[in-house]
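Protein chains: 2
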Amino acid sequence: MEFDNSRPIYLQIVEKIKKDIISGKLERGDKMPSVRVMASELKVNVNTVQRVYQQLEQEEVIFTQRGIGSFVTRDEQVVKRIKQEMSYELLENFVQGMKELGFDSSQILKLLTKYMEGEPGGSIKGR
Amino acid sequence: MEFDNSRPIYLQIVEKIKKDIISGKLERGDKMPSVRVMASELKVNVNTVQRVYQQLEQEEVIFTQRGIGSFVTRDEQVVKRIKQEMSYELLENFVQGMKELGFDSSQILKLLTKYMEGEPGGSIKGR
DNA sequence: ACTACTGTATTGGTTATATAGTACGCTATA
DNA sequence: TATAGCGTACTATATAACCAATACAGTAGT
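Chains F and Z supply the protein sequences, listed in that same order.
Residues 3 to 129 in my numbering are what the first sequence lists, from first letter to last.
Residues 3 to 129 in my numbering are what the second sequence lists, from first letter to last.
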């Protein structure tokens, strides 16, 4: 995993994990890798992963059983909540940013469709 | 101006200034506030503004005349360039982020239009 | 009981960011 | 020429993020 130099690593990992849960790569109740294993996989320090898990637990995204491990929440509402939170944040950041660049709504729409047509993996027209 | 705690202030100021140039709030050839004045206005340290100007000069967005001041570039191509850079970055961040949340292109489009309809300042239908 | 695995805590060091204060050299203008 | 304003440079300090190493404590399985 590659990190953006201008933002804390632990926050980037937090977001990555939440995305994996939202998209279904991680399912409710799944056991998370141990802090040491994940630190090794991501090539970061154990303390950094510790901080990640701490943050996720605070947001009720995972729960921890000492000596056993950490697990993805079984609460469906929490998953829904973070999905809404993250998608809204993306929308807000995008639209507001584009408007600050001087684009209006219709221009934003045009640019987006044009961008997605040129991108692989789109599902607008089967391709 | 309010700053996002999780990203360097100087980078946020850099982006702010580039947006102001792109949107026309700052015009080509305009004189920038002195480092001391801007530091005072933004309530940050002079050294931080210094770094901002240094960064902007490196990107050829502003140029500096020692003893006189800093000025917005007169090169229209540079302005076009940073406008494309910043809009592309916003697009990429948005689309990729939404796909990582599990949305496909048509869903993204729907969510965006729905979001913009609920927002003030849109120009889709005159309102 | 022993072992191996978990999360957790602690101490210490490095780097980047931001601050504060001071000083230097250049330019325009009164 | 004196002065005010400009970018620039320097030293020093504080803090957050990250890393490294070690230790402690709880749980499960042999």
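Among these hints, one or two may not hold up.
Remember, identical chains collapse to one label, so a pair may be satisfied in a single copy or spanning two.
Stated by the list, open to error - Straight-line alpha carbon distances no greater than 30 Å define the calculated DSSO-like cross-link-like pairs of lysine-lysine that follow:
(1) Lys-82 - Lys-18
(2) Lys-116 - Lys-45
(3) Lys-27 - Lys-101
(4) Lys-101 - Lys-45
(5) Lys-45 - Lys-112
Hints in this document: simulated from the structure, not taken from any laboratory.
Structure-based check of each hint:
| no. | hint | verdict |
| --- | --- | --- |
| 1 | Lys-82 - Lys-18 | within (16 Å within a copy, 33 Å between copies) |
| 2 | Lys-116 - Lys-45 | neither (37 Å within a copy, 40 Å between copies) |
| 3 | Lys-27 - Lys-101 | between (34 Å within a copy, 13 Å between copies) |
| 4 | Lys-101 - Lys-45 | between (38 Å within a copy, 25 Å between copies) |
| 5 | Lys-45 - Lys-112 | neither (40 Å within a copy, 38 Å between copies) |
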